[in-house]
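Undergrad: So the chains spell out like this:
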Amino acid sequence: MASAAQRNIRSISYAKYGYFFILPFFLVYCFFQIWPLINTFILSFYGNGQKVDDFIGLDNFRALLFGTSVTGMGRTAKAIHETFLQSLGNTFIVWIGNFVPQICLSLALAVWFTDSKLKIRGKGFFKVVMYMPNIITAASVAALYLSLFAESEYGSVNNLLLTAGIIDEPIKFVTGCWQSRGMIMFIQCWMWFGNTMIMLMSGIMGLNPSLFEAANIDGASSGQIFRKITLPLLRPIMLYTLVTSMIGGLQMYDIPYLYKKGTQRNEYTRTVAVFIYEHFREKMPNPNYGFSAAASVILFFITIILGSFAFAMNRDKDEAMKKKERKAYAKALKAKQKGLGGMEI
Amino acid sequence: MNKLKRTLALVATLAISATAFVGCGDDSSSSSSSSSQADSSSSDADASSSDADASSSEAEGGDETAAINLPSGGDKMTILAWNANDVDPMLKMWLPDAGYKEDQINFVNFNVGGGEASAQYDQYFLGGEDVDVFMVEADWALKYINDANATAPLSDLGFTEADFAGQYPYTMEIGKDSNGVIKGVSWQAAPGAWCYRSDLADSYLGVKSPADMQAKVADWDKFQATAKEVSEASGGKTALTTTLGGIWQAFAANRSTPWVQDGALAVDDFCNTFIDLAKNMRDNKYVTDLNQWTDDWYAAGQTDNTMGYFVSTWGFGDSILLTAAGGDGGATFGKWAVTEGPTPYFWGGTWMCVSPKTDNADMVASFIKYFTVDEASMEKYALGKDGGEYVNNMNVMQKIVDEGSNSNANLGGQDQFAVVHENAKAIDLKGLITPYDASIKTAFLDAVNAYCAGETADAAACIEDFKDRVAESVTDITVE
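Residue numbers (my numbering), protein chains in the order written: chain A, 1 to 345; chain B, 1 to 480.
So here's chain A without its partners, still in its complex pose (with noise of 0.2 Å):
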């Protein structure tokens, strides 16, 4: 028989003083981080300009996705629809068109750092050299990008090729539809290669390292061991990084911000993050709330179903059929039991 004084102590939880500490965090969290979430959602359903006030339920996602209105937006609606379409357009042709490269390039690199057979020296070296594009922030790498490809004949590459005689007249880097496109996916690709490939390189040194000397011995090229063994061991962390990715780049915001000439943005790079900007901020006198919010939850959507899609294809097949009959046994299993009464047999 245990005394007062155990029964006590074995009642005693710390675990409350543990919620004591988070709790400053969920407060912070809650406050500037969930309100304002929910507030996107809310704000979506109201009016844009003065009209901030209104409620006009989903006339701001008619007026993007559709290009209509029944609260008489009229021309507003179908402008408003073209170039929330473009903006998806763009971000789409500029996170595909710098996440194929970016991929294969890590994945060529990763494979070749990592393969024993190779011994490449100064393996360290690269990796930083590699690594170093994604420590700069964006802004200075937009700086250097609009000097060195800046669009008259004064900018440092326009003028190299004019004196070399290459071109006759000055590329349009910033302005020009597939030239700015282009450079943006370039400058993502370049910043982002060294983080994905350091990423894939932990991925293939985490493999069981007998896999690759089974197959060495048994003769396989490496072309064979790449495409057999490497390939589908790397799947979660393929997966990983593309979902990664695919959200970063649908969020795709800096770059195609600060990449512009003066003034002027160029239509052809505005992204789905710069459209929500542009209308959250720079529209003056009111700013459009409801199309900016809008346009975030579809954003929102479109990443969650995107996401979803790149789970379902990336899902172990083998390992879902052997979880479906192992299901289907155990449902068997019971039946029989329940035929027989519950007995045991």
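Honestly, the hints are just simulated from the structure, not real lab data.
Incorrect hints may have been included.
What the hints assert, rightly or not - Among chain B residues calculated to face chain A with C-beta under 8 Å, some are:
#1 S209
#2 D212
#3 D295
To be verified - Here are the simulated DSSO-like pairs of lysine-lysine, each with C-alpha atoms no more than 30 Å apart in a straight line:
#4 B:K237 to A:K16
#5 B:K5 to A:K16
#6 B:K228 to B:K285
#7 B:K285 to A:K172
#8 A:K51 to A:K123
#9 B:K237 to B:K216
#10 B:K222 to B:K176
#11 B:K176 to B:K5
#12 B:K237 to A:K260
#13 A:K172 to B:K399
#14 B:K467 to A:K172
#15 A:K78 to B:K228
#16 A:K327 to A:K317
#17 A:K228 to A:K172
#18 A:K172 to B:K279
#19 A:K172 to B:K143
#20 B:K441 to B:K467
#21 B:K441 to B:K279
#22 A:K323 to A:K336
#23 A:K172 to B:K441
#24 A:K260 to B:K467
#25 B:K441 to B:K228
#26 A:K51 to B:K143
#27 A:K260 to B:K285
#28 B:K467 to A:K51
#29 B:K222 to B:K208
#30 B:K5 to B:K216
#31 B:K237 to A:K51
#32 B:K143 to B:K399
#33 A:K172 to A:K260
#34 A:K228 to A:K127
#35 A:K78 to B:K176
#36 A:K78 to B:K399
#37 A:K51 to B:K176
#38 B:K285 to B:K222
#39 A:K260 to B:K143
#40 B:K279 to A:K260
All figures in this text were calculated on a predicted structure; none of them were measured in a lab.
For every residue, glycine included, the Cβ atom is placed at its ideal position computed from N, Cα and C.
Knowing the structure of chain A, use the given hints to seat chain B on it.
TA: Using the frame of chain A, we list chain B on its own:
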């Protein structure tokens, strides 16, 4: 021991969570009315208005035609602005002259671009904190001036229209609300002019003096004809002026009807005229395809590819012309000259508004009087500020111009004030300003730039593009 730990943990937790609410409380101390720091001469605050008027302890005194109808005696005078470029030198001069101390001033500097200040103000006003005076830009001044909750009529501070008789007329127009009540007033005028390379003008046009040049660019037709002449004489190498943005800055001042009529966007011949002008000038390379505020824009001034810039009073220094010349001793330094250009226009400027919630009316009145009414102190400021200020008083500027003390080395010794002074008097807004002008003017220039770059097929498509852009950014007006 355990208890102590628990108490400590609780205290730590509370302390951390308390930081989350820093800034949430409203700072009522600044609006207390029983303050002893208030200047001694108006001890009975707003009770007697003549007292309050006298409290603005300026040497000149001035006429006391109207009374101050707003309370005085608050703790501190709060000034809102988006940078310190103007407020700091203003305070430096006004405080000792008016007999106030630095700790009676609460200067809230938002440190953002002028275009972003409005959003910052909205936030600040929502917070309900003390505000007495705030600076506004012409582009969005009307948003506040037309709002009775944001701005008080200056007559409440004892000012009458006669007090501002010396001001440049256009600055007064911008400060008036839709009923013609003066609610904003500026201490600086920003009339623009056109600067050109005198050496190029001499070799291509045979023009020797600014007066001769003015004759060649007196209106937009002559401007285009001269552009053609320059282009032919230079073999297509030299453009008369650098950017469409600059031309637009001046051309937009020509409008004879407001951009918004009865809540709808007004598109008229004015638009087509500019589209034709822009297309003509761009297609023939009479103007370069550079944009304002780019490195290239400045760099072009050191080459023979461009002959001119549109420049406003504040643009003769680093902001535009000096940088374009390559700085002091740069490639084209001293080779410039200035003339009125095709049309009088203004570009930029800052206005002061008074909050109806002010609790330091006497100080505010003294401040406004010092910089916008009293000619002696305005002259002092014009000459005393680093680099000089183009103050908003015709008599003062006339006097400074007459004295001829100003000469600009970059302009070969020419006095730019003498030129813009003539322009400033001629600016006539005809009461056309609307709160949407900034957005609409930007949208129009963007549409014209797109047309000139070949993105839209013809002038009609350019107008459609313009309407779409306005419909998208300004949702408060209807667009056909």
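Undergrad: With reference to the structure, classify each hint as holding or not holding.
TA: Verification of the hints:
| no. | hint | result |
| --- | --- | --- |
| 1 | S209 | violated, 31 Å |
| 2 | D212 | violated, 31 Å |
| 3 | D295 | holds, 6 Å |
| 4 | B:K237 to A:K16 | violated, 79 Å |
| 5 | B:K5 to A:K16 | holds, 14 Å |
| 6 | B:K228 to B:K285 | holds, 9 Å |
| 7 | B:K285 to A:K172 | holds, 17 Å |
| 8 | A:K51 to A:K123 | violated, 59 Å |
| 9 | B:K237 to B:K216 | holds, 19 Å |
| 10 | B:K222 to B:K176 | violated, 35 Å |
| 11 | B:K176 to B:K5 | violated, 64 Å |
| 12 | B:K237 to A:K260 | holds, 26 Å |
| 13 | A:K172 to B:K399 | violated, 49 Å |
| 14 | B:K467 to A:K172 | holds, 27 Å |
| 15 | A:K78 to B:K228 | violated, 41 Å |
| 16 | A:K327 to A:K317 | holds, 15 Å |
| 17 | A:K228 to A:K172 | violated, 45 Å |
| 18 | A:K172 to B:K279 | holds, 19 Å |
| 19 | A:K172 to B:K143 | violated, 38 Å |
| 20 | B:K441 to B:K467 | holds, 11 Å |
| 21 | B:K441 to B:K279 | holds, 17 Å |
| 22 | A:K323 to A:K336 | holds, 20 Å |
| 23 | A:K172 to B:K441 | holds, 25 Å |
| 24 | A:K260 to B:K467 | holds, 23 Å |
| 25 | B:K441 to B:K228 | holds, 27 Å |
| 26 | A:K51 to B:K143 | holds, 15 Å |
| 27 | A:K260 to B:K285 | holds, 23 Å |
| 28 | B:K467 to A:K51 | holds, 20 Å |
| 29 | B:K222 to B:K208 | holds, 17 Å |
| 30 | B:K5 to B:K216 | violated, 86 Å |
| 31 | B:K237 to A:K51 | violated, 51 Å |
| 32 | B:K143 to B:K399 | violated, 35 Å |
| 33 | A:K172 to A:K260 | holds, 12 Å |
| 34 | A:K228 to A:K127 | holds, 26 Å |
| 35 | A:K78 to B:K176 | violated, 35 Å |
| 36 | A:K78 to B:K399 | violated, 55 Å |
| 37 | A:K51 to B:K176 | holds, 24 Å |
| 38 | B:K285 to B:K222 | holds, 16 Å |
| 39 | A:K260 to B:K143 | holds, 28 Å |
| 40 | B:K279 to A:K260 | holds, 23 Å |
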